[in-house]
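Here's the letter readout for the chains.
There are 2 protein chains.
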Amino acid sequence: MKKLFALLMLTGIAVGGFAQDNWVSLFNGKNLKGWKKLNGTAEYRIEDGAIVGISRVNTPNTFLCTEQTFGDFILEMYFKVDDGLNSGIQFRSNSIPEYANGTVHGYQYEIDPSKRAWSGGVYDEARRGWLYPMSKNPKAQNAFKPGEWNKVRIEVIGDRIRTWLNGVPTADILDNANATGFIALQVHGIGNNTAMEGKTVRWKNIRICTTDLETEKMAEIPCLPQVNCIPNTISEREAAEGWVLLWDGKTTNGWRGAKRTDFPPSGWEIRDNMLCVQKSDGRESANGGDIVTTRTYKNFELVVDFQITNGANSGIKYFVDPEMNKGEGSAIGCEFQILDDQRHPDAKLGVKGNRKLGSLYDLIPAPEQKPFRPGQFNTAKIIVKGNHVEHWLNDVKLIEYERNNAEWNALVAYSKYRDWPNFGNAESGYILLQDHGDEVRFKNIKIRELE
Amino acid sequence: MKKLFALLMLTGIAVGGFAQDNWVSLFNGKNLKGWKKLNGTAEYRIEDGAIVGISRVNTPNTFLCTEQTFGDFILEMYFKVDDGLNSGIQFRSNSIPEYANGTVHGYQYEIDPSKRAWSGGVYDEARRGWLYPMSKNPKAQNAFKPGEWNKVRIEVIGDRIRTWLNGVPTADILDNANATGFIALQVHGIGNNTAMEGKTVRWKNIRICTTDLETEKMAEIPCLPQVNCIPNTISEREAAEGWVLLWDGKTTNGWRGAKRTDFPPSGWEIRDNMLCVQKSDGRESANGGDIVTTRTYKNFELVVDFQITNGANSGIKYFVDPEMNKGEGSAIGCEFQILDDQRHPDAKLGVKGNRKLGSLYDLIPAPEQKPFRPGQFNTAKIIVKGNHVEHWLNDVKLIEYERNNAEWNALVAYSKYRDWPNFGNAESGYILLQDHGDEVRFKNIKIRELE
Chain A
2 MKKLFALLML TGIAVGGFAQ DNWVSLFNGK NLKGWKKLNG TAEYRIEDGA IVGISRVNTP
62 NTFLCTEQTF GDFILEMYFK VDDGLNSGIQ FRSNSIPEYA NGTVHGYQYE IDPSKRAWSG
122 GVYDEARRGW LYPMSKNPKA QNAFKPGEWN KVRIEVIGDR IRTWLNGVPT ADILDNANAT
182 GFIALQVHGI GNNTAMEGKT VRWKNIRICT TDLETEKMAE IPCLPQVNCI PNTISEREAA
242 EGWVLLWDGK TTNGWRGAKR TDFPPSGWEI RDNMLCVQKS DGRESANGGD IVTTRTYKNF
302 ELVVDFQITN GANSGIKYFV DPEMNKGEGS AIGCEFQILD DQRHPDAKLG VKGNRKLGSL
362 YDLIPAPEQK PFRPGQFNTA KIIVKGNHVE HWLNDVKLIE YERNNAEWNA LVAYSKYRDW
422 PNFGNAESGY ILLQDHGDEV RFKNIKIREL E
Chain B
2 MKKLFALLML TGIAVGGFAQ DNWVSLFNGK NLKGWKKLNG TAEYRIEDGA IVGISRVNTP
62 NTFLCTEQTF GDFILEMYFK VDDGLNSGIQ FRSNSIPEYA NGTVHGYQYE IDPSKRAWSG
122 GVYDEARRGW LYPMSKNPKA QNAFKPGEWN KVRIEVIGDR IRTWLNGVPT ADILDNANAT
182 GFIALQVHGI GNNTAMEGKT VRWKNIRICT TDLETEKMAE IPCLPQVNCI PNTISEREAA
242 EGWVLLWDGK TTNGWRGAKR TDFPPSGWEI RDNMLCVQKS DGRESANGGD IVTTRTYKNF
302 ELVVDFQITN GANSGIKYFV DPEMNKGEGS AIGCEFQILD DQRHPDAKLG VKGNRKLGSL
362 YDLIPAPEQK PFRPGQFNTA KIIVKGNHVE HWLNDVKLIE YERNNAEWNA LVAYSKYRDW
422 PNFGNAESGY ILLQDHGDEV RFKNIKIREL E
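So the sequence lines, in the order shown, correspond to chains A and B.
The numbering of the first sequence is the working numbering, which starts it at 2 and goes up by one.
The numbering of the second sequence is the working numbering, which starts it at 2 and goes up by one.
In isolation and in its complexed conformation, chain A is listed as follows (with noise of 0.2 angstroms):
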């Protein structure tokens, strides 16, 4: 595999265009004729025929933007960044009045010397977060040079975008939540921490491409882990792979209430591509009630986009038996957990954190260090292949079991699950979803069945 994904690379940049004609240069090496300041006050200069950004304490993120906006494109540049100094490169980024007072935001292609080496990974900007962290591709983390001029290339086309750093692919992503927009160069804010000041990053050669893309564009790279971060879709590599939505983002179709043959009435909604449960008293199953799919499941990957609000309880629950419990309260399964661990009281209770995010709840607890991220969607994986169940958040496996032997059950004995019969041992069962009462929201929920 290694070996297929060099060679794919050395003839990505063979195929790489360098018909200088479809270029335009965004630069000219003199001064910052087509650029402007905005958001913060961090300072731009001209050396040596690049772009010099310098920070500079208690000013917030600086982007020097290019006047012009740009749809679909190929842009390339060198950047050289001072140890310690985080930066970026905007694309398909804006600031207008309704967004957040005319904070630029957008996709930011990711400059990163720290140890983290996240460089090349893509982030939106004062929105959504990570889109790709290079924790989805660390074969290509140690691209990045430190102390000399690294060369970027992003391509944008259509829902499409791709990175690559010195040669090597970085990021390949399928989004379209913004379809044109400016590019613009970072001087990452370093709050007031004088020892930071004057550190700087520099950019030179920057020029676009806008014409004749799918000439100049690079050849598919299969083997680079792509990103579908189109709400509620399946992609032609998924689908490959048998993953199908268990929600199809639109209706309620495949899900009914845990405790009655249809969905809802109240209690859940559809909004912005989300399926939300509303927000009443806090009480488990109390006001919608708790959501099934139609059908069982018993071998599988499961991947749910999660948010949750403050204080927020709820999960994701799989092998449920709706009609074992039949009185209030949630339908009995096996559960991974999704609770503010900060503000909701049952993080405490339990034992030794079997209650907080991710746990199996009230079995076995998540490790305290664990990569959610607050505010923003978090993607909860569980996969079941027999007796063997993993739980996972944002790529980082958290827990493992084996469930149906003595020790499992012993476990159970101890728990809160220890008079349901059998607890966790079915061999298949209906995923649900919780309502507990707090607003959380999800989507891109997807399956794929396993032998």
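None of these hints come from the bench; they were simulated from the model.
From the three backbone atoms N, C-alpha and C, an ideal C-beta is built for every residue, glycine too.
Covered by chain B, per the in silico footprint, the following chain A stretches (three or more residues, Cβ under 8 angstroms):
(1) 343-356
(2) 363-372
(3) 398-404
(4) 411-422
Given chain A, put chain B in place with the hints provided.
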């Protein structure tokens, strides 16, 4: 293996001697000359050249015994038994005033037409109970022919006892409890069960060989499971398998107090081949205190024969770190619980039986149905292979578990071990015998270290 077994059986039969001149008949086919009845009042008649034993209510086991006693010999005969009637053939058995008022006791070749199918196994009548239950040798459990004549062969030479049923090797025992005694035909007691009255068991063609035994005896059958009942010894076969004594049967060598550098000066006693916890007040490690091995063990198979007194509590711990708990109470480690489930109050505490005999104490319950033999010695076996651990009782696996994972840690977090750091996850540890203030006896403590 099956083929080899069959081949060896056939070879054995071929080698087995038919040199008539070495053999003497024990029954003349006409009357019971040379035999006497002991213990009970069941009837013995002669019909068609066979001795017929007839069951009778309200009498204990009855034995028709040879007047002559025998030391080393090979015994052959045929038997036929009615459905439902248990019976047996005693050998090297005795009836002396000094032992239980003359109760017949000693080795018994089992005749068991029940579904259990233990015919050919060896029981120590009115003394130690089962020496060779046929669960040791399940391949031979279909040798018995219901309703037909069955051929018995018993070889008793020195410390070696071997049995056959219809040419199938059934038992292989090393024992030195009795060097000589009579032969006897048992009619088992039936209590007051009148429905069983009149059931019969028949014996014929009873012959014995006491000379040229080395020539007459069967060949070795290495794949036949052998039981070593000679206290605190390692048989040749055990030695070849890597077993060593963890207790030498005579001294305190290799052991020390869990919280002291020497062996406890009181509270423990060595007598009659047994290492005994002396009775005190039932408190945990408050009298002599726990004892531990003087070195640690990593991967191993450990067997311990234990006998509890009424209401007793004790245990075998492993992965023990004696430095962990320097205060009162038992040293910390995983525990194969030893308990009188019927009489000790702890059996009802804990969760779903996780403090009963054979359980991983306070963590994983042994099944309710387990092959415990009240009053007798029972064999605990603990197998550790890295993170995989098993508890066995009398050749039956009770539980198995994996440690050093999130599920294990979650289970521990619920238990009384929750506050001991990284409980049960050590790569190696000491082995411990617990003093819980009740008299408990240990012997045949053997260990085999694994890779």
